[in-house]
Every structure is written in C-alpha cells, then in structure tokens.
Amino acid sequence: EAGVAQSPRYKIIEKRQSVAFWCNPISGHATLYWYQQILGQGPKLLIQFQNNGVVDDSQLPKDRFSAERLKGVDSTLKIQPAKLEDSAVYLCASSLDRRTYGYTFGSGTRLTVV
Amino acid sequence: AQTVTQSQPEMSVQEAETVTLSCTYDTSESDYYLFWYKQPPSRQMILVIRQEAYKQQNATENRFSVNFQKAAKSFSLKISDSQLGDAAMYFCAYPYGGSQGNLIFGKGTKLSVKP
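So the sequences go chain by chain: A and B. My numbering puts the first sequence at residues 1 to 114. My numbering puts the second sequence at residues 1 to 115.
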C-alpha cells in the first residue's frame, strides 16, 4: 500500500511570511495527526483529526497556525506569519486502528525560517 | 501528566554486538501500548516494535526485542547483532488517550554503529 505522502520536502522562508504543508494519508485511515519536531527533540502533537473533525488541537498555536482536513482525506497545515522558532520538521501521520496497526508517518517537511 | 523519558541522548555500539536503549514512562492507564520508532536521516518514523501492556511476554521482531517491566514502567529496546543500517534516532512512544489517542514521544536516543 502507498505510504503517507507529504510535500514539500523542504521549505525556506523569511520570518513573517506564510507557508503551507500538505499531507495525503493512507487510504481509509480515519485519523490524521500533525506533529512538530524541533531539532534534538521528539515530535510533539499539533493537531489530531478524526475524519474531518478536530479531536485535539490543544497544543496548536492558533494565533498563527491553522489546519484543515477537507472531506476527511487530505490535510493542509498553514503557518501565518512564521517566526524563527517555527523552524522544525513537520510530520504527518495517519492510523486506522492504532492498537492493531499503529501509526504510519510521512517523511516530513523541513521548514527553515530565516 | 503522561510522560516518556529516554535518559540516553547518545549510544554507540560495535557492529555485530548488542545494545540496549532505555525508556521509562508514566501513565495512570491500565491497558495501553508502547512503541519504539526508528528515525533515520530520511526523517520518516519507522515502527520497530510494539508491546501490549496486558501481555506479559516481551515482544520480539527479528533482531529487536523489548524488556517490558510494567510495575517499574520501563520499556527498553535490545538490538542484537547490530548492523550499520541500525544507526538512527530511536524514539520510545506511548499512545495516550484511549482509542483515539495521540503518541507522546521521548526525546530520543541517537545510536551510532561502528564498523
């Protein structure tokens, strides 16, 4: 089966600019996650979707970050305006039944804010 | 609060030898899963092994095995016959929050394999 697709692979922007990341989960996976991984740390959840509804966005900086999952499939994560501390890898993951299959991750987008 | 702690920022092992990576966690749940993920430079998180807390038998996947001690809330990963391709970041993770839970990760251990 195809994996979790993410694009772009790399992105360099100046602070105060906007950026968007795209994720296409594994077909049929109802749950989709966006994680932020700062260099030297483990990933931290930003937002979790179940189909097209938000389950948990408690750690999403809502003044600058937004995410949507239209039609319960693809998802987009946006940052506007970006800050230097947003430099990180943004990982998308999806799961069907986490207890049986676990979570499948994409290759992530490395964002550098200069 | 649910936490996952990996106390070894870096580890090194000689090719063909065995290495153990440590992980402790804190949870109030009684039934849960634990995971070890490998993250090579390509950045993709790859599931290495999974342990179900209600199973007393330690999980094994080829050269990878765990030492799961539920009472001590310890979940270490043993890699036998280490290979150069095992070099990567290794993350211990715990899915918090029931059937829709999200993964809480430790800070990771960087494993180097010497030829």
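Hints listed in this document are in silico derivations from the structure and should not be mistaken for laboratory results. What you are looking at is a predicted structure, and each value in this text was computed from that prediction instead of being measured. Among these hints, one or two may not hold up.
[Unchecked claim] PhoX-like mimics (lysine-lysine), calculated; alpha carbons at most 25 Å apart, straight line: (1) A:LYS44 <-> B:LYS73; (2) B:LYS107 <-> A:LYS44; (3) A:LYS71 <-> A:LYS15.
Hints and how they fare:
1. Pair hint LYS44 (chain A) plus LYS73 (chain B) holds up; C-alpha atoms about 21 Å apart against a cutoff of 25 Å.
2. Between LYS107 (chain B) and LYS44 (chain A) the CA atoms are separated by roughly 10 Å; this keeps the pair inside 25 Å, and the hint holds.
3. Restraint check for LYS71 (chain A) and LYS15 (chain A): the C-alpha separation of about 31 Å exceeds 25 Å, so the hint is violated.
Of the numbered hints stated above, the single one contradicted by the structure is hint 3.
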